[in-house]
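Engineer: Chain order of the listed sequences is F and X. Heads up, the first sequence is in the working numbering, so the first residue is 42 and it goes up one at a time. Heads up, the second sequence is in the working numbering, so the first residue is 42 and it goes up one at a time.
No lab work stands behind these hints, which were simulated from the structure alone. Note that CB positions come from ideal geometry on N, CA and C, so glycine has one too. Among the hints, erroneous ones may be present.
Each pair of labels, with its calculated beta carbon distance range [unchecked claim]:
| hint | chain 1 | residue 1 | chain 2 | residue 2 | range |
| --- | --- | --- | --- | --- | --- |
| 1 | F | Val84 | X | Ala166 | 17 to 25 Å |
| 2 | F | Ser245 | X | Asp61 | 46 to 54 Å |
| 3 | X | Val212 | F | Gly82 | 26 to 34 Å |
Distance condition first, Cα-Cα at most 27 Å in a straight line; then the derived DSSO-like pairs of lysine-lysine [claimed, not checked]:
| hint | chain 1 | residue 1 | chain 2 | residue 2 |
| --- | --- | --- | --- | --- |
| 4 | F | Lys211 | F | Lys111 |
| 5 | X | Lys211 | F | Lys246 |
| 6 | X | Lys211 | F | Lys211 |
Some chain F residues judged to face chain X by a derived CB distance under 8 Å, without partners named [stated by the list, open to error]:
| hint | residue |
| --- | --- |
| 7 | Tyr46 |
| 8 | Ala48 |
| 9 | Trp77 |
| 10 | Arg88 |
| 11 | Ala91 |
| 12 | Cys204 |
| 13 | Val212 |
| 14 | Leu214 |
| 15 | Asp218 |
2 protein chains.
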Amino acid sequence: MTDLYEAMSTLRAVRRLREDPIPDDVLQRILQAAAWAPSGGNVQPWRIVAVRDTELRERIGDLYRPQWEKYGAAARAGLQQLQGEARAKRERMLAAADHLGDNMGKAPVLLVFCFNPDHMAITDADLDRPSVVGGGSVYPALQNAMLACVSEGVGCTLTTLLCYAEDEMKVLLQIPDDWYTCAVMPIGYPVLGGHGPISRRPVSKLCFADAFGDPLD
Amino acid sequence: MTDLYEAMSTLRAVRRLREDPIPDDVLQRILQAAAWAPSGGNVQPWRIVAVRDTELRERIGDLYRPQWEKYGAAARAGLQQLQGEARAKRERMLAAADHLGDNMGKAPVLLVFCFNPDHMAITDADLDRPSVVGGGSVYPALQNAMLACVSEGVGCTLTTLLCYAEDEMKVLLQIPDDWYTCAVMPIGYPVLGGHGPISRRPVSKLCFADAFGDPLD
C-alpha cells in the first residue's frame, strides 16, 4: 500500500537505471495504473508498446542519443545564467541526463506511448494558438504509470524528444499509419536513491482566486 | 491516508455536485497535488484559477450550457447504435451530463486550468498530424488534482468544451494574452455515491510487447 500524496510528492525524474529486468507482475501493475486513467468520452485513444527486446531498445537508444545531444547542448548554454547551488543542481541534472542520453537503450523496458487523433475530440484544434487538448486523453495515463513506478520502487523519467524521430520509431515498432507517438518512458530499478524529494513552485505562485494573478488566500 | 491504486481505480466522472462549499484546507490539498506534478524542464507552464465567486461561476455555467447542448445532442444521436445494458448505461451518463450542463455554475468551485505555450518545448509542433505534446506539461497536474479529489471525497469531472468559448473565458477571468485555457474541472461534494467502480479496457487490449499489436504475454 502506497499513500497517494506520498507517491505524488516523491515522483522525480530517475535517469540512472539498472539493467536488471522488471518482473512481469510489476510491469503489469504499472500498465494497469495507466489503463485506469480517464480519457475524453472514455475512449482511451492511447496504446503502450512495452519494448524489452534488446536490439529494439538499442536502436531506440541510438535515435535518442543525437536528440539529447542537441537539446542538452542548448540546456548547458543556459547554465551561464545560474550561480551557486542552483547551478550545481542543474549541473547534476544535466550529468544524469547525459547518462540517460548515452544509455537509454540499456533500460530494461522502454514504454512507448502512442495515440490516435481520430479517436479524440480536440476542442482547441481550430484556435489560433498551439493545441494541447489532445494530450488530455493521453498524459493522465502516463502520469498514472509514473505514480505506479514510485509505488513499485521503479525509477522512471519521460521524454518527448523522440517525436523528432517519429518516422523511424513508427517503422521500428510497426506502428500503424493512423497512430503516432507522444512520449517514451524508460523504466528500471534505480542506480542511486530513486524517487525522493522534489522541487516545485508553491501553490501560491501557481493558483489564483477568481481572476488570473489574484492571490488565493 | 489513501492508497494510490485505490484512488486510481475509483476515479470516475462525478457530475452531480452539491452546492456546499469546499473547505479551504481541502481545496489547498487538491491544488498542492497539482503543484507536485512533473512538467517538461520542471517549468510548470500551467496555472489554475479557482473560481468561487457566485456571479463568475454563473457566467461560466452560461458559457458551458450551449456547448454541452451541442455536444450532448451529437452524443445522443449515437445512442441508436447501442442496445441493452450498454444503452442504459450511456443514457444514465448522458442524464448526469445534462444535469451538469444545466448546473455547472452551481458547483462550489470551478478549477480553470491555464497554460502558456511560450514556456513549453512542443516537440511535435512541426509534425504533419495534430500536436499533443504541449499537454504533457499540463494534464499530469490535472490528473493529480483529480486523484486528490478522490482522496478528499470530493466529486470532480473534466471538460475541454469551454475551449470553444476561450475568448469569453479569458475576459471573464482576466487571463493575460499569452496564457490560454485547456480544461475546466467543476468540483464539489457528490449528490450520489461519488467516486467508485470504473469501466476501462483491459491492459491486454491497450498494451503491446515490442511491436504495436503484439500481445504482451
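Engineer: Are there hints from earlier that the structure breaks, and if so, what are their numbers?
Structural biologist: Of the numbered hints, 2, 6, 13 and 15 do not hold.
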